[in-house]
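A.B. asks: Produce the entire structure from the sequences given, and follow the hints as far as they go.
For the protein sequence lines, the chains are A and B, in the order given. In case it helps, numbering that gives the first Met the number 0 puts the first sequence at residues 0 to 305. In case it helps, numbering that gives the first Met the number 0 puts the second sequence at residues 0 to 715.
You can trust all of the hints, since none of them are fake.
Going by beta-carbon spacing under 8 Å, a handful of chain A positions derived as facing chain B:
no., residue
1, Lys51
2, Gly65
3, Cys118
4, Ile125
5, Ala126
6, Thr167
7, Ala228
8, Thr231
9, Asp232
10, Ala262
11, Asp264
12, Gly273
13, Ser284
14, Ser295
15, Gln304
Here chain A is said to cover these stretches of chain B; the calculated rule only asks that three of the stretch's residues, wherever they fall, bring their Cβ under 8 Å from a Cβ of chain A:
no., stretch
16, 132-141
17, 349-357
18, 387-400
19, 596-605
20, 683-691
No lab work stands behind these hints: they were computed from the structure. The model shown is predicted, which means the values in this text are computed figures rather than measured ones. Every residue gets a Cβ at the ideal spot worked out from N, C-alpha and C, and that includes glycine.
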Amino acid sequence: MLCVLLSIVSISVSATPWDDKKPEDVVATLDKKFAEGKYSAKGADTCLMCHKKSAVVMAIFDGVHGNPNVKASPMADLQCEACHGPLGNHNKGGKEPMITFGANSPVPAQKQNSVCMSCHNDSQRIAWKGNHHDNADVACASCHQVHVAKDPISDKANEVAICTQCHTQQKADMHKRSAHPLQWQQMVCSDCHNPHGSLNDSSLKQMSVNENCYSCHAEKRGPKLWEHAPVTDNCANCHNPHGSVNDAMLISKPPQLCQQCHASDGHSSNAYFGNQTNAFTSGNSCMNCHGQVHGSNHPSGKLLQR
Amino acid sequence: MPTAKLSHPSACFSLTLLAWVISGVLSQAHAEGYELQQANRSGIKTEAWSCKQCQSKSGHSGDVSATLAYNDGEDSRFGNRTGTDNDGFVGAVGADMVYKTQSGYQTQLIADKLGFDAGSAKLTTGRPGNYQINLGYRGLANYNHNQLKSPYTSSQDKMLLPDNWITGGTTQSMPMLQSSLVGQDLSIQRDRFMIGGYYAGKISPEGDNNSHYKASLNYQHEDRSGAKKTSANILTNSVMLAQPIDDSTDEIDARVYFNGTGWQAGINSQVSQYKNDHQAMQWQSAYTPTFGAAYLGQNAVDPDSKAYRVAAEASGGANGQNVLMHAGFSRMTQDDTFIPATINGPSPVLPADTLDGQVDIIEMILKYSGRITQDLSVQASYNYQDRDNKTAKLDFPQIITDSINQGSAQNSLYDKRTKKLELKGKYRFTSAAYAEAGYSRNENDYTELDRQSVDESGVFAKLSYRYSPAWSAWLKGEALERDGSEYDPVTTTQSQSNPWLRKSYLADRKRQKVTLHTDYQTDIGLSLGASLHSVDDDFHHTQVGLTQVSYLGYDVSAQYALSDDLHFSAFVNQDWRDSDQAGSNHFSTPDWYSTAEEKSTLIGAGFSYQNLFDNHLDIGLDYSYSDGQSDTEVVYGITSPYGDFYARKHNINAYAKYKFADSMSLRVDWLFEKYQDANWQNQGTNWDTLPNVLSFGDMSHDYNAHYLGLTLSYQM
Chain A
0 MLCVLLSIVS
10 ISVSATPWDD
20 KKPEDVVATL
30 DKKFAEGKYS
40 AKGADTCLMC
50 HKKSAVVMAI
60 FDGVHGNPNV
70 KASPMADLQC
80 EACHGPLGNH
90 NKGGKEPMIT
100 FGANSPVPAQ
110 KQNSVCMSCH
120 NDSQRIAWKG
130 NHHDNADVAC
140 ASCHQVHVAK
150 DPISDKANEV
160 AICTQCHTQQ
170 KADMHKRSAH
180 PLQWQQMVCS
190 DCHNPHGSLN
200 DSSLKQMSVN
210 ENCYSCHAEK
220 RGPKLWEHAP
230 VTDNCANCHN
240 PHGSVNDAML
250 ISKPPQLCQQ
260 CHASDGHSSN
270 AYFGNQTNAF
280 TSGNSCMNCH
290 GQVHGSNHPS
300 GKLLQR
Chain B
0 MPTAKLSHPS
10 ACFSLTLLAW
20 VISGVLSQAH
30 AEGYELQQAN
40 RSGIKTEAWS
50 CKQCQSKSGH
60 SGDVSATLAY
70 NDGEDSRFGN
80 RTGTDNDGFV
90 GAVGADMVYK
100 TQSGYQTQLI
110 ADKLGFDAGS
120 AKLTTGRPGN
130 YQINLGYRGL
140 ANYNHNQLKS
150 PYTSSQDKML
160 LPDNWITGGT
170 TQSMPMLQSS
180 LVGQDLSIQR
190 DRFMIGGYYA
200 GKISPEGDNN
210 SHYKASLNYQ
220 HEDRSGAKKT
230 SANILTNSVM
240 LAQPIDDSTD
250 EIDARVYFNG
260 TGWQAGINSQ
270 VSQYKNDHQA
280 MQWQSAYTPT
290 FGAAYLGQNA
300 VDPDSKAYRV
310 AAEASGGANG
320 QNVLMHAGFS
330 RMTQDDTFIP
340 ATINGPSPVL
350 PADTLDGQVD
360 IIEMILKYSG
370 RITQDLSVQA
380 SYNYQDRDNK
390 TAKLDFPQII
400 TDSINQGSAQ
410 NSLYDKRTKK
420 LELKGKYRFT
430 SAAYAEAGYS
440 RNENDYTELD
450 RQSVDESGVF
460 AKLSYRYSPA
470 WSAWLKGEAL
480 ERDGSEYDPV
490 TTTQSQSNPW
500 LRKSYLADRK
510 RQKVTLHTDY
520 QTDIGLSLGA
530 SLHSVDDDFH
540 HTQVGLTQVS
550 YLGYDVSAQY
560 ALSDDLHFSA
570 FVNQDWRDSD
580 QAGSNHFSTP
590 DWYSTAEEKS
600 TLIGAGFSYQ
610 NLFDNHLDIG
620 LDYSYSDGQS
630 DTEVVYGITS
640 PYGDFYARKH
650 NINAYAKYKF
660 ADSMSLRVDW
670 LFEKYQDANW
680 QNQGTNWDTL
690 PNVLSFGDMS
700 HDYNAHYLGL
710 TLSYQM
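C.D. replies: Printed below as a string of structure tokens:
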């Protein structure tokens, strides 16, 4: 896993002969080359005259992107130049820039990504434009590799590590006392989020927080006869799905959690001291009696006791 | 802060504004990128593009493995780490194999820990990009506790006490309690089985080369089994139970999408059915009835339910701009037969045999993103969602805890309509610096809640700067203010709510968020990252309820590649979350206050060293320590601190993989976990510590557990 993280970093910082040029000048050159369309005489064979010594370059042929028999693959179309742009005069000394990928490429992320999105224009990426990662200038190559037999992020052991390189708060949360099982990759980030953008907040895969939760917790969907209003409103009113210092991923502990909304004329208003062992602070706290906090379908379950 | 309502007629204004923004920039937006479809192919002579040196591999590749391990399962919680709670020797198989043909056909088998509860496997076959069929299995295991005791055993829909049970007025006066205790296992196993596939092709074989379609159909069946912690009560006497879980969910997802140069459109549909094998949870009371003859209680269980959804969406654009439209409809229904209002004596007649519940949700989204100039891009989106609970409102008899008839009550039907407007702009000063700013307005209309509407407006700004190719940083600040209609406590509750209370999820709130992040990468293989984040919530109009939440956190991480083979990493995360709330013992203004101070620390370090001993040995080690604690205090005349609440964990994950033949390797994995937690809710308690709560007692964990695995791999 560590190797995967560092390989992404090392790819993004690999040196090129045009490193000493201003990024604006590099992009201007690439724009001009792309418009002129001076492609090589022999396609990939031209490129490999120099680059076949590189194991990283040759690894493209281990995966689908390098298989000319896969119809949608770049190797079945403009080969290396499908992604890296027209050769132009690059083969005359290697100083003329080509399109490169990664966080440290002089090519802006949006321009890099436009290459990938040429082919990966599907329902999973319909909301890519303007999504969180697009806005934050995250290049596809920041998370994905194509010069490999298998993209490392497709391995669930790597996915969480790659996501939490940037999403550090979530990394801290998933190590807390209660959390969805992301730490040991029983679950992965993409079980709930679409990293390529969605129509919901936080790039959730479903249309609301609750619908996202119901996709695994269908038993809580109902509709039930007696609903608990904050549960119906938003599961995140009480839970932090990434993890919490408290049990059950709760944002706070009962009885105080319940008392944030319940202060009726009776036992829910009382101050409960810490040095007392009673049914309000011990066992399941308020849920000793009101155990059906996610709603009840019992005819007499209005108080969420049945 | 602007508070213009999005509701009609001003909603029309907002939409008009959105339409104006979109139309205003249509003719000005700038093209971007190197899309394949925009490639200038006029000079290409592909006749000579034979790709003689392309070395696309065919045949088998990958590896298969078999694992034999010793797993310490004395405390099942360790199983969350290893994927199995078996105590002793366990076995699993794994695979990461692919078979390719020169024609582009590909079959892939991936299996991970297959044999453990949390194992998985997936078989995929087809031609990538053309058609594919997949079969899959995924196990998810959650182990909560296996060292608890209770006198209850489960039998189908019943939680039973021993035949010779003698009831008591309190837990201390139950003579058979100690001798009747049996082990309880709180764990949940999910077994998911998937089958699906897709077919993709050109819309017209003779026409536009860039127009395609893709149709997919996927089915998933999930079985859940195990038990969860719950409670049940008769009047003020409660018992803690390990409620059995046996249910299943079936889901179908079907979608057809069409795309071409700069556009995409499609429809998708999902059907979900939840079935619970249990119809109710009936339980014997361990207590002598306070009055009457309430020896039994019966709780409802999660009812069978169905949901379906259909949505259509389309996106399109050119010259650096894009418009996305989406419309969807969902329906959730539930018509499980009601259980009786009480099982102690005759149940009153119910107004219906089933709820016949129905909730409809309509959603519509319009989103625009565009690049106005080379340096300026804008976004605008409008999101409408309407949840309509169409269930009938009826009078249901209320036999409280199978004991007391308290008349009848009507069910509440919570509707919610959300309208959300977002406007953002991003300006790039140079290739190394940009600023982003935006405005959002989120309006929610409710029924049957203490507020009929809750609205939130917010602004944010972000500045990102790359000082050098090695060093970059960004700073983001956000301010939001939530308010709404007059707070008018509902009168349908059992007892009246304190008029000074403002429920936390409906209360006025001012929120401020700040995040600072920086990255540094050297050309000697060292990369550093650091973040600082804070969130402050001020419930400025709340006297009783949650009044303040402050969150502050930071993290620092470092990764260092000393060589291609030797890598090091380390990280530290810490955060603090403090919350204040107020209450009133006298149904008036606040007279007691509580604070909860949470602190969490995560520290980790690791290394990996590959290709030792002439490419024969890989080794690695990761260590992490996490410590989360919480201090709660209530002040009511005197200050009363609560007891211990913490969870501390040390993890070591070490491995060594030795390649002893060209295609054979042996891997040793050692996992170690030292875990300890405490919770003042049950710390030091016993089954009969509370007279009116028959609990599981102390639920803390304290263990050192090891996993030692040997994995033999064959590389094809």
